[in-house]
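Visitor: Given only the sequences and the hints, what does the whole structure look like? Please build it.
Chain by chain, the residues:
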Amino acid sequence: MWELIAANKRKSLIIFIAMGICLLTLGYCVGMAWLGPDAGFFGVLIAFGVWVVLSLISYFAGDSILLYTSNAQAVTHDIHPQLFNIVEEMKIAASLPVMPRIYIIDDPSPNAFATGRDPQHSSIAVTSGLLSGLNRDELQGVVAHEMSHILNRDISYLTFAGVMLGSIAMISQIFLRGSRFGGCSSRRYRSGGSGCGQAQLIIFIIAIVFAILAPILARIFYFALSRKREYLADASGARLTRYPSGLASALEKIGFSNIKLSSTNNITAPMYIVNPLQADGYSGIFSTHPPIQDRIKILRGMAGGASYLDYSKAFSAVKGGSGGIIPSAALSDSASVPIRDAGVEKEAPKDPKDKTRETIDLLRAVNNYAFLTCACGLKIKFPKNFAQNEFICPRCGRKHEVPSSNNVLAAAVASAIPAKPVTATAYGVSPQVYARKNVGWESFNCSGCGALLQLSPAFIGTSLACHSCGKEIKIR
Amino acid sequence: MTMMGLILLVLVVFLLFVLSSVASIYNILVGLRNQVKNAWAQIDVQLKRRHDLIPNLVETAKGYVKHERETLENITKARSAAMGAQGVADRSKAEGSLSDAMSKFFVVVENYPDLKANQNFLALQEELTSTENKISFARQAYNDQVLGYNNKIQMFPSNIFAGMFNFRQEQFFQVENADERQAPKVSF
Chain D
0 MWELIAANKR KSLIIFIAMG ICLLTLGYCV GMAWLGPDAG FFGVLIAFGV
50 WVVLSLISYF AGDSILLYTS NAQAVTHDIH PQLFNIVEEM KIAASLPVMP
100 RIYIIDDPSP NAFATGRDPQ HSSIAVTSGL LSGLNRDELQ GVVAHEMSHI
150 LNRDISYLTF AGVMLGSIAM ISQIFLRGSR FGGCSSRRYR SGGSGCGQAQ
200 LIIFIIAIVF AILAPILARI FYFALSRKRE YLADASGARL TRYPSGLASA
250 LEKIGFSNIK LSSTNNITAP MYIVNPLQAD GYSGIFSTHP PIQDRIKILR
300 GMAGGASYLD YSKAFSAVKG GSGGIIPSAA LSDSASVPIR DAGVEKEAPK
350 DPKDKTRETI DLLRAVNNYA FLTCACGLKI KFPKNFAQNE FICPRCGRKH
400 EVPSSNNVLA AAVASAIPAK PVTATAYGVS PQVYARKNVG WESFNCSGCG
450 ALLQLSPAFI GTSLACHSCG KEIKIR
Chain C
0 MTMMGLILLV LVVFLLFVLS SVASIYNILV GLRNQVKNAW AQIDVQLKRR
50 HDLIPNLVET AKGYVKHERE TLENITKARS AAMGAQGVAD RSKAEGSLSD
100 AMSKFFVVVE NYPDLKANQN FLALQEELTS TENKISFARQ AYNDQVLGYN
150 NKIQMFPSNI FAGMFNFRQE QFFQVENADE RQAPKVSF
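Protein chains in written order, with numbering that gives the first Met the number 0: chain D, 0 to 475; chain C, 0 to 187.
You may find that some hints are simply not true.
[Claimed, not checked] The list that follows gives simulated cross-link-like pairs (lysine-lysine, DSBU-like), each with its CA atoms no further than 30 Å apart:
#, chain 1, residue 1, chain 2, residue 2
1, C, K65, D, K227
2, C, K61, D, K378
3, D, K10, C, K115
4, D, K318, D, K10
5, D, K312, C, K151
6, C, K61, C, K36
7, C, K36, C, K47
8, D, K383, D, K398
9, C, K103, C, K76
10, D, K378, D, K398
11, D, K380, C, K36
12, D, K380, D, K296
13, C, K115, D, K252
14, D, K10, D, K312
15, C, K76, C, K115
16, C, K61, C, K76
17, D, K473, D, K383
18, D, K10, D, K296
19, C, K61, C, K47
20, C, K115, D, K378
21, C, K92, C, K103
Source of the hints: derived by calculation from the structure; they are not laboratory data.
Guide: The following block contains the structure:
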């Protein structure tokens, strides 16, 4: 397995260097076109500098940025024991030194991604749609695939390559747009500078051609790199779980789900297990992931065992030719990597309503809701900033004390900050009433927690819930 | 520089190169051997975790499975035996019989719907399933590490120095009892 990582580092380096040559040549041409024929080297330096700065930022902060933009919530063992256990099992199988951080993204579409610059600082994120749709074996397959990305150092490679692609795109854009104003006419203040001679014009044309081609070439390299790595992650994941069918059926469910992932964009899309932005059938040179059908066929074709050699064989059977996914040094473990039996499914298949309810409860738990079960059987779920001391069960009328962790009033009393006065709030009795003064923008304070509430001119409803404590306010 | 001096310089550089290669091979082999030892210890960690979980399981189940005293006693006995076993052969046998006792218990649980719906029991069952998985993944990881280490010892050029520095091949973790390979069959 370790030979695999080393060999892939070498291969990726070649593609990486190819992209680097694109970047530096672009810098050279732009430098020559804008600053004169002897300033080519200066352009190279600037292009390189841009790449270094962006790389440093993405290397150190890349995973936090990605998790933040996807709105991911951290998960501990208490919140979702099964997911935590599955990740821990894969961590043991992969001999990772440190447990990756686990996140959940609130989205009904099933998908997952991994991020992190090395195994010591890694994170795995799954969507709530994935959790509710997959069984244990399939979830394990997906987690194993993501963990293989971490293990094979795919993430740092793709990050550096992606940043290079971004730098190339950025520099070429700046050049192409700026050249309308720059170019020959900007030599006014340079003494002894070249005039707008024929040589300068030719250099300019070359630079423009390259500025158009470079991003395209770089994209082709980047996507080839990305696709290769996805196959490799499939192979490593199947080997870790010793159960290729798990990942295969997970891919079937994910790939053919019709729900679209909402919180992604072109930058974060390639990092997911299935690209959420590219249409199902799309599989050209510009696709970040190999076609799902092929991935599934290869995994299902691994009947003989779960080793890299078996994956290689299945790959050649489906695609013809080895594709250079797995280097020969890593094929030595063909000896005996038998496929294990399916995990015994101990629970009866769940009603989809129950599964949805479980997922929503899970998200509430992650967002610090407090749960309480009334004696009549009703489950009461308190949001974080609930500003009452007591709550009356709407079904049976019993009084309940609001748990102090979610009670803004109790917290205020406890920290001796003068609490906002609260009106009598038995359920259904005298909520706050606000009379509109005119039809424009208006704002007022919630009488329960003091938060500022605003009414827009377009608001025509008769009641409003305070966004921080949930209190109902009638609008007249 | 004289001719002799140049030859001497080249020889010294070559010698330094050889020495540093040997040193790095030695370090890599040491690292791999320690990883193998660590992987072996990880299996023990998971086995101990199982030992710690079982009393909770028995307590939770006791109230519900009133007529299955024998099954519960078997688990408790098997657990004590496993905790007391010494030596690798004895321990793997004891752990094997503990796994057997637990799978029999889970078969029995199917007849008790109240127990199956109990939240504590479900959480415990998930933990135990996970522990069993972790034990097998820990063994798998150990075997992978042994494979990597053995490969490095046998391949060129480290094989030249492996014998010199007394690095020996490690054993794979084998299932001792051929019956253990089969999943427990249940018939009604």
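Visitor: For each hint, tell me whether it holds in the structure or not.
Guide: Structure-based check of each hint:
1. Taking the CA atoms of K65 of chain C and K227 of chain D, the gap is near 57 Å; set against the 30 Å cutoff, the hint is violated.
2. For the hint pairing K61 of chain C with K378 of chain D, the CA-to-CA distance comes to about 28 Å; that is within 30 Å, so the pair holds.
3. At most 30 Å may separate the alpha-carbon atoms for a hinted pair to count; K10 of chain D and K115 of chain C exceed this at roughly 52 Å.
4. Our distance criterion of 30 Å between C-alpha atoms is met by K318 of chain D and K10 of chain D, whose separation comes to about 20 Å.
5. Distance restraint check for K312 of chain D and K151 of chain C: the Cα-Cα separation of roughly 25 Å lies within the 30 Å cut-off, and the hinted pair is therefore satisfied.
6. For a cut-off of 30 Å, the pair hint linking K61 of chain C to K36 of chain C is broken: about 39 Å separates their Cα positions.
7. For the proposed pair K36 of chain C and K47 of chain C, the alpha carbon gap of about 17 Å is at most 30 Å, so the pair holds.
8. For a cut-off of 30 Å, the pair hint linking K383 of chain D to K398 of chain D stands: about 19 Å separates their Cα positions.
9. For the suggested pair K103 of chain C and K76 of chain C, the alpha carbons sit about 14 Å apart, so the restraint of at most 30 Å is met.
10. Between the alpha carbons of K378 of chain D and K398 of chain D the distance comes to roughly 14 Å, so the proposed pair stays at or under 30 Å and holds.
11. This hinted pair does not check out: K380 of chain D and K36 of chain C have alpha carbons roughly 49 Å apart, beyond 30 Å.
12. Of the supplied pair hints, the one linking K380 of chain D and K296 of chain D is violated, its CA atoms being roughly 45 Å apart against a limit of 30 Å.
13. Proximity of K115 of chain C to K252 of chain D is assessed by CA-CA distance (about 28 Å); at most 30 Å being required, the pair is judged to hold.
14. Straight-line distance between C-alpha atoms of K10 of chain D and K312 of chain D comes to about 20 Å, which keeps the hinted pair within the 30 Å bound.
15. With a C-alpha separation of about 24 Å, the suggested pairing of K76 of chain C with K115 of chain C holds against the 30 Å cut-off.
16. Pair hint K61 of chain C plus K76 of chain C holds up; C-alpha atoms about 15 Å apart against a cutoff of 30 Å.
17. Using a Cα cut-off of 30 Å, the hinted pair K473 of chain D and K383 of chain D holds, with the two alpha carbons roughly 22 Å apart.
18. Of the pairs offered as hints, the one joining K10 of chain D and K296 of chain D holds, with about 25 Å between alpha carbons and a cut-off of 30 Å not exceeded.
19. For the hint pairing K61 of chain C with K47 of chain C, the CA-to-CA distance comes to about 22 Å; that is within 30 Å, so the pair holds.
20. Distance check on the hinted pair: K115 of chain C and K378 of chain D sit about 21 Å apart at the alpha-carbon level, within 30 Å; holds.
21. Between the alpha carbons of K92 of chain C and K103 of chain C the distance comes to roughly 17 Å, so the proposed pair stays at or under 30 Å and holds.
Taken one by one, the earlier hints fail for this structure at numbers 1, 3, 6, 11 and 12, listed in ascending order.
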